[in-house]
Amino acid sequence: MKTFNLPDLGEGLPDAEIVRWLVKEGDLVALDQPMVEMETAKAVVEVPSPYKGTITKLCGNEGDVIEVGAVLVEFDGDGSSSNSPESASAPSAVETPAAAETKTTEAPQPTTTTAVATDVFNLPDLGEGLPDAEIVRWLVAEGDTLALDQPMVEMETAKAVVEVPSPFAATVAKLHGQAGDVIEVGAALVTFGSAGSVAAETKQPEPAVSSDSDDKPADAATVVGAVEVGNKVVIESASAVIKALARKLKVDLSQVVGTGANGAVTQSDIKQAKADGKLIGSKPQPAVVATSSNVSSDENPLDFKASPAVRAHARRLGVALSQCSANGRKGTITKADVDAAASSPASSVASAPAARSSTAGGGLPTVQVSVEPQTVRGVRRAMAMGMAKAHATVVPTTLMEDADITSWPKQDSLARYVRALVFASKIEPALNAWFDGEKFERLVHPNVHVGIAVDSPDGLYVPVIHNADSKDANQVRARVQELREKIENKGLKQDDQQGGTITLSNFGSIAGRYGTPVVSPPQVAILGTGRFRNELKLTAKGIENRKMLPLSLTFDHRACTGGEAARFLAAVIEDLQKPL
Amino acid sequence: MAAITLIEAVNMAMAHEMEHDKEVVVFGEDVGINGGVFRATDGLQQKFGEERVIDTPLAEAMIAGLAIGMAAQGMKPVAEIQFMGFIFPAADHIISHCARMRNRTRGRLTLPMVIRAPFGGGIHAPENHSESTEAIFAHIPGLKVVIPSNPSRAYGLMLAAIRDPDPVIFLEPKRVYRIEKHEIEDNGEEYPIGMCFVDREGTDITLISWGAMMHETKQAAEKLAAEGISAEVIDVATVSPLDIDTILESVEKTGRACIIQEAPKAGAVGSEIAAEIAEKRVTSLLAPIGRVSGYDTVVPYYRLEKQYMPKVEHIVEEAKRLMEYR
Amino acid sequence: MTTVARFEIKYLQYMDEQGTFVSNDVPPAFARDLDTLKSLYRDMNLIRVLDQKAYALQRTGKMGTYPAATGQEAIGVGFASAMTKEDVLVPYYRGQASMVQHGVLMEEVLLYWGGYESGSDFKHAKEDFPIAVPIATQSLHATGVAKAIQMRGEKRCVFTEIGEGGTSQGDFYEALNLAGIWNLPVVFVINNNQWAISVPSEIQTNCETYAQKAIAAGIDCIQVDGNDIVAVKAASEKAAEKARNGGGPTLIECISLRLCDHTTADDATRYRPDGELDDGWKKEPIIRLRKYLESKNAWSADDEQSMQDELAEEVKQAVDNYLNTPTDPPEAMFDYLYAELPEKTLAQRELAIARGAK
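Chains as they are written, first to last, in my numbering: chain S, -19 to 560; chain V, 3 to 328; chain F, 5 to 362.
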């Protein structure tokens, strides 16, 4: 009689609970037939039978916790164990008193030595990387009982004839193949167990036997190891080699006429083309346009040169590379270019190649100071570059005049300034425009998008009040408030800074009467409002104290005439001087 | 035309050159009557005689030194080092003499020789049999280091190696010696040494590999294609001198590069390729350069070998990681 | 127990330090030809003058490290004088005596040690190997050359030289072993000058002779008095003749003494025992041959003076040629790397040119 003790079903689990019995006492079970579902701390697992035989006792009910090592199932004494190496390491059979009892009460079984468990011995890799071997001679017959390591068969490889010993002490049920047959490694060679049980129970694949003795086994020999063998036949396309050879010889493939089958280009064709001087560069090449299936936006990122870090920076700021100028080496977009695009309302139309950065130079003069110079970054750097660009391209002219705002009620002056710009733009649209000095293109805008210069510790921001011409004072104020908050919270988006058509600089809120504000291309005008003051003026009523607002209008004289600018300024003043 | 394996292609190329050039001789340990432990020289001694297919004593330094002497006399020795793990006694000759002879004699003595060695892991071999140490020789100016990835390339590149006027270290990825067959016509047509082969064209990412790993790399490209990622696959084939232009051209097109090698990661051929890309095309990169490689460990004994080897899914995983960058 | 093999090592010396023929062996034919002996005398002196001049060049900053062969002139001159023009020399680093004897120009020796690759581009000795600096590798290269000669059925042979320290290297034994198995036409010459830099023979080997290392490889060997050029040349001629006619390899151990430092960068007084040099200068090869020639009334003080004047002039010519050789342009680094420079390296070549132009 045999017992099966609960093995460790996981890794270091102490016990398991019986979930469900799949067999009952008295059942004849096959090797590996599931007997019971056990639940461990990790999983529910099926426990198969380690033997073929009749179950005499199930040791436990569903819900019982069985300790590892305790008896789980008892088998009838005629249940022969498999002779597999696995069984040797399985929990050893323990004769319990109960089993001894069973033994005495049962009729003696036929004393057969037949191993009924069907162990199939598959041809191993004979240690030299051979894919198969040929049976030379069987040394045993079906039905023979073999000792462990008893020679069974002579197998021939291309290198040697070797004897294959029996891996078990067991009875031979079946010999797979005859002398002269070639057996593939891994295919069945010998089945052990009772002859009768084989037909019913063998589940092993049929041996791949080739009886064609002319079919010599491929010799994959090596003194060590095992080389994977495949019989897949691959047809290699010649094109990779042809292209490589063409590159090596610097031959222009587009000029080569193939003389091979179906007009294929051969190595000789390439060599001939080299001799004929059909070299790369000898004919203009069609531009190769790369396409990428994984670029979500319209632009192909590979059309722009930028380091991965710069690309990531642009993504973070929401700047399209197409809107950045390329001031780096060899037309590369730099981080500063991205920053400039992010802070410049003009970035969306920066189609013209930007002027070279004016920041190149010899650095600061050496002086004795107690602090180190700091690299100018971000918004401040963008300002530096933007101003330099303006200085390098714009032809600025500034007109100055005062507006009499004595009649103003107490109100938010910024909204009035915006209104005045909108008003003036209707009267004289030439200053609400964009100008491209390289292409000599001028775009007069039908709508007014007013950029507001905002001073911040980070540097100069110029957020935009879009469509100021269709906003009332409250809406303008709301927008200005929104922009201020965004600047404070560093939440200003690229959209907030793009598309300005004219700019307002209210430096007078701090100090300054007149100034020469800088036009930011492609815009053509900027209005500066100075600090208002009370002034004694000679009027029809005599000397009066009037409240005067100084105005400074800078325009790009490439794009506007002096007359247009003066008319514009007059219109600004006209609007500002209205009481409401 | 016959369908043959990589190792049979090596054999066919050597036989072809021996047939057509009497200066070609083959020697090494067990290459004669035994036909080589992997059968690379099978049948050559029967065909060309013991004078030209020679079993040497068991001494790798001797094999390399002998080849140098013969090559300096204008012969074309094809010497076998049985496993690359045993090449190190010969390294003194390969590095100190082979690589330098033309240079130091101003072209008076040249060495048109080939040193063949099976290399790489994956065949359940004992210790010192599974390393991929191609970088050691790729580092040495004056040598050419060629690694075929399939039977056609083994045939074409071996012919080119034997005919090359300079020494060629010809490393055969033994794991794929017999994994597939190619229909090859024994027409003596060589493949260019010093050039990469673009095995698959793609637009999203460039997968760069050589030797046995090309098989995993190509499978990875298939899997990526099924997920809508178009991978270009480059077989470096000559790891030194490197055809970097082909790689750079591809990376410029795809914006992404992933290098796959069996060797440990550090100081390897893949490191050089990555450095070249970083040096020359960083502004074309959409993503960092990726590398899938063996670990920087001693190649484990075969129980852990499978854990060591880069696999198809690792390549796919890395490629997808790189695709997350835009 | 029975003896399964028995070996003995022969020692050959014809002329002792007094210039007297002492051997019971019949001297070789060339030893009776005074013109031949005078010529050998001159060749040995040439090497000594060259070495002295090379030292002076190094000491005046006009050349790099140089290994003189003072006291060992009979070895290189002796064995190389047994070579035909068609034989191939595979030298070691202290090989100037055999190299010059076999057709390498003295200025080429100077160029080599002066840092010029072109010093190994021999004008006349077209097949000879350049100096092998890694110790003992040359022994194996010699077997390769010998194998090529053997396969082509040519009637010529290879000579390769090595220091006694170099025989400790595996390469040396591997070469002997192969030459023995394959019966290669190669002659191995050991310059046993008793010092491997600072390591004396007692701690280099436990063998009684270096010659007996050939026994393990199953090849013929002989030990000769390396200060007796008659013995060196005679043994070498015999070995060469045997090799050219299919008789296989020979190992010749030539015992001498390094009468100079290892190289110009060495100071032998740190390790050389007192008195060794005094003894050595009594046994050195040039003086004994002069004594013999004088004893035959074949050499006079006037002959000596005019010879020395000629040698000084010859060496001066070589030195002038050396000193007048311009340094190669930077691109020379690249021009012999491969038959065809790889595309990748072309850019570096351009860079080197550009940097060199600055």
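Be careful, since some hints might not be right.
Taking lysine-lysine and the DSS-like style, the derived pairs with C-alpha atoms no more than 27 Å apart in a straight line are [claimed, not checked]: (1) S:Lys315 with V:Lys282; (2) S:Lys223 with F:Lys348; (3) F:Lys348 with S:Lys251; (4) S:Lys212 with V:Lys225; (5) S:Lys285 with V:Lys322; (6) V:Lys24 with F:Lys348; (7) F:Lys89 with F:Lys159; (8) S:Lys212 with V:Lys308; (9) V:Lys308 with S:Lys310; (10) S:Lys310 with F:Lys348; (11) V:Lys220 with S:Lys212; (12) S:Lys263 with F:Lys246; (13) V:Lys313 with S:Lys228; (14) V:Lys282 with S:Lys230; (15) F:Lys320 with F:Lys14; (16) S:Lys470 with S:Lys517; (17) S:Lys285 with F:Lys362; (18) V:Lys24 with S:Lys251; (19) S:Lys310 with F:Lys362; (20) S:Lys223 with V:Lys220; (21) V:Lys225 with S:Lys228; (22) F:Lys14 with V:Lys282; (23) S:Lys230 with F:Lys348; (24) S:Lys212 with V:Lys313; (25) V:Lys267 with F:Lys348; (26) V:Lys24 with F:Lys130; (27) V:Lys282 with S:Lys223; (28) F:Lys89 with S:Lys228; (29) V:Lys24 with S:Lys223.
What the simulated footprint calls covered on chain S by chain V, stretch by stretch (three residues with Cβ under 8 Å from a Cβ of chain V suffice, anywhere in the stretch; the number is not a length) [stated by the list, open to error]: (30) 37 to 47; (31) 205 to 215; (32) 285 to 297.
Hints are computed from structural coordinates only; laboratory data are not their basis. Every value quoted in this text rests on a predicted model; they were computed, and no experiment measured them. Beta carbons are placed, not taken as given, at the ideal position from N, Cα and C, and that holds for glycine.
Taking the hints in turn, this is what the structure says about them:
Under the criterion of a C-alpha separation no larger than 27 Å, the hint pairing Lys315 (chain S) with Lys282 (chain V) is consistent with the structure, at around 19 Å. Note on Lys223 (chain S) and Lys348 (chain F): the hinted pairing holds, with a Cα-Cα distance of about 18 Å set against a maximum of 27 Å. A distance of roughly 22 Å separates the Cα atoms of Lys348 (chain F) and Lys251 (chain S); the hinted pair therefore holds under the 27 Å criterion. For the proposed pair Lys212 (chain S) and Lys225 (chain V), the alpha carbon gap of about 20 Å is at most 27 Å, so the pair holds.
Taking the CA atoms of Lys285 (chain S) and Lys322 (chain V), the gap is about 23 Å. The hint holds against a cut of 27 Å. As the CA atoms of Lys24 (chain V) and Lys348 (chain F) are separated by approximately 34 Å, the hinted pair breaks the 27 Å bound. Between Lys89 (chain F) and Lys159 (chain F), the direct Cα distance comes to roughly 12 Å. Compliance with the 27 Å bound is thereby established for this hinted pair. Using a Cα cut-off of 27 Å, the hinted pair Lys212 (chain S) and Lys308 (chain V) holds, with the two alpha carbons roughly 23 Å apart.
Only pairs whose Cα atoms come within 27 Å are accepted, and Lys308 (chain V) paired with Lys310 (chain S) is rejected, the gap being roughly 46 Å. Between Lys310 (chain S) and Lys348 (chain F) the CA atoms are separated by roughly 21 Å; this keeps the pair inside 27 Å, and the hint holds. Annotation: proposed proximity of Lys220 (chain V) to Lys212 (chain S) holds, straight-line Cα distance about 15 Å (limit 27 Å). About 66 Å separates the Cα atoms of Lys263 (chain S) and Lys246 (chain F), which puts this hinted pair outside 27 Å; it is violated.
Proposed proximity of Lys313 (chain V) and Lys228 (chain S) is contradicted: the alpha carbons are some 32 Å apart, above 27 Å. Of the pairs offered as hints, the one joining Lys282 (chain V) and Lys230 (chain S) holds, with about 21 Å between alpha carbons and a cut-off of 27 Å not exceeded. Note on Lys320 (chain F) and Lys14 (chain F): the hinted pairing is violated, with a Cα-Cα distance of about 41 Å set against a maximum of 27 Å. At most 27 Å may separate the alpha-carbon atoms for a hinted pair to count; Lys470 (chain S) and Lys517 (chain S) exceed this at roughly 45 Å.
A threshold of 27 Å between alpha carbons decides the hint, and for Lys285 (chain S) with Lys362 (chain F) the separation of about 32 Å lies outside it, so the pair is violated. Distance check on the hinted pair: Lys24 (chain V) and Lys251 (chain S) sit about 26 Å apart at the alpha-carbon level, within 27 Å; holds. For the suggested pair Lys310 (chain S) and Lys362 (chain F), the alpha carbons sit about 25 Å apart, so the restraint of at most 27 Å is met. A hinted pair counts as satisfied when its Cα atoms are at most 27 Å apart, and Lys223 (chain S) with Lys220 (chain V) qualifies at roughly 19 Å.
The suggested pairing of Lys225 (chain V) with Lys228 (chain S) is violated, with an alpha-carbon distance near 31 Å, which exceeds 27 Å. With a CA separation close to 67 Å, the supplied pair Lys14 (chain F) and Lys282 (chain V) exceeds the 27 Å bound. Taken as a hint, the Lys230 (chain S) and Lys348 (chain F) pair is honoured in the structure, with Cα atoms around 14 Å apart against an allowance of 27 Å. With a C-alpha separation of about 20 Å, the suggested pair Lys212 (chain S) and Lys313 (chain V) falls inside the 27 Å cut-off, and the hint holds.
Simply put, Lys267 (chain V) and Lys348 (chain F) have alpha-carbon atoms about 23 Å apart, close enough for the 27 Å limit, and the pair holds. For the hint pairing Lys24 (chain V) with Lys130 (chain F), the CA-to-CA distance comes to about 23 Å; that is within 27 Å, so the pair holds. Between Lys282 (chain V) and Lys223 (chain S) the CA atoms are separated by roughly 23 Å; this keeps the pair inside 27 Å, and the hint holds. Distance check on the hinted pair: Lys89 (chain F) and Lys228 (chain S) sit about 42 Å apart at the alpha-carbon level, beyond 27 Å; violated.
Under the criterion of a C-alpha separation no larger than 27 Å, the hint pairing Lys24 (chain V) with Lys223 (chain S) is inconsistent with the structure, at around 32 Å. For the stretch 37 to 47 of chain S, the proposed coverage by chain V is not satisfied: 0 residues have a C-beta within less than 8 Å of a C-beta in that chain, short of the threshold of three. Given a C-beta distance limit of less than 8 Å, the hint that chain V covers the stretch 205 to 215 of chain S holds, as 11 residues qualify and 3 suffice. Residue count for the stretch 285 to 297 of chain S with a Cβ under 8 Å from a Cβ of chain V: 7. That meets the three needed, and the coverage hint holds.
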